[in-house]
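Asks: Spelled out from the first residue to the last, the chains are:
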Amino acid sequence: MPTIDYPLTAAYQPAAGVPLVPVLLVELIRGGQSARAVGVVDSGATITVFNPEHAEILGIEDVREGQPERVSTQGGPVDYYAAAGRMTDMGAVRPKL
Amino acid sequence: MAGLQNIQPPLGMMFPGSRSRGRQLSSFQTNEALLMNNEALSNNCPSGESILVSLKRIHTDNLVLFHLGMPTTDASTIQDVLQSRQPEVVFLHVHDATMERTSTTPVIERREASELRWMREHQREIAQWRGQWLLIAENRLLGHSASFRDIRDAIARHNLTSPFTYYVPTEEESPFVLL
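Residue numbers (this note's numbering), protein chains in the order written: chain A, 1 to 97; chain H, 1 to 179.
Rather than coming from a laboratory, the hints here were simulated on the basis of the structure.
Hints should not be assumed to be uniformly reliable.
[To be verified] Residues on chain A that point at chain H, a partial pick, calculated with CB under 10 Å:
no. : residue
1   : 25
2   : 27
3   : 28
4   : 29
5   : 35
6   : 54
7   : 56
No residue lacks a Cβ here, since even glycine has one placed at the ideal position from N, Cα and C.
Produce the entire structure from the sequences given, and follow the hints as far as they go.
Replies: Pasting the structure below:
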């Protein structure tokens, strides 16, 4: 069976209303601006999503100017807007904002 | 058991082995879970019996024992317990240094970020700010508001270049989208 080794560990941390989840501090970078946020490790996820308020800090005043997209989740479809950027601590990925 | 390498106790709830050895193994006041390996199961009790034997004599619903040497202990089992019992689960990580790790990939050891440390240390207080954004820097809460405009004003006022913000979900909101 194929296996994947992750070269980092994520501690489980509780917060208000949040079950224990593996979290990382991540930094979102776009152009010369950056914002830090809690990143929840979901190893099966195909995209990474953040609140539009994080996009504001990165200089995106209205995320609706981005590419509208939809993803299926166990809780139903979720609409989001895509924007290019970088995220540290989890490799070179393109977070969807 | 490769999946276990990514399972860690909640931040700040890990008891070092030296403290665990001094603990009275007679009762468990809160929900607790123990991660143990074979080396951890010996020479820890004054009576000479192993920790495992001692723990099995203590019948309590508050204790969940994970023995890493057993095939029934896997990552999903531990995760189920973590998520069903939060936030009262306390880990006694008895002998971390000798825990068997099957992966050959080097693990990056990192210090806990000050923002996450603040959230851990104030996890109960955070509930009072449900529906609000928090601005945290240098292990301090610099501001909180339901209006993100207020948070942005605070970011500018404190001249933060890479601010850490966190939205505290209401009880009706899902905290994260797991895809």
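Asks: If a hint holds in the structure, say so; if it does not, say that too.
Replies: Going down the list of hints, with the structure as the test:
1. 25: Holds, because the Cβ-Cβ distance from residue 25 of chain A to chain H comes to roughly 4 Å (cut-off 10 Å).
2. 27: Since the shortest Cβ distance to chain H is 6 Å, the answer is holds.
3. 28: Holds, about 9 Å.
4. 29: holds, 9 Å
5. 35: Given a least distance of 6 Å, the restraint on residue 35 of chain A holds.
6. 54: holds, 7 Å
7. 56: Hint holds; residue 56 of chain A Cβ to chain H Cβ min 7 Å, cut 10 Å.
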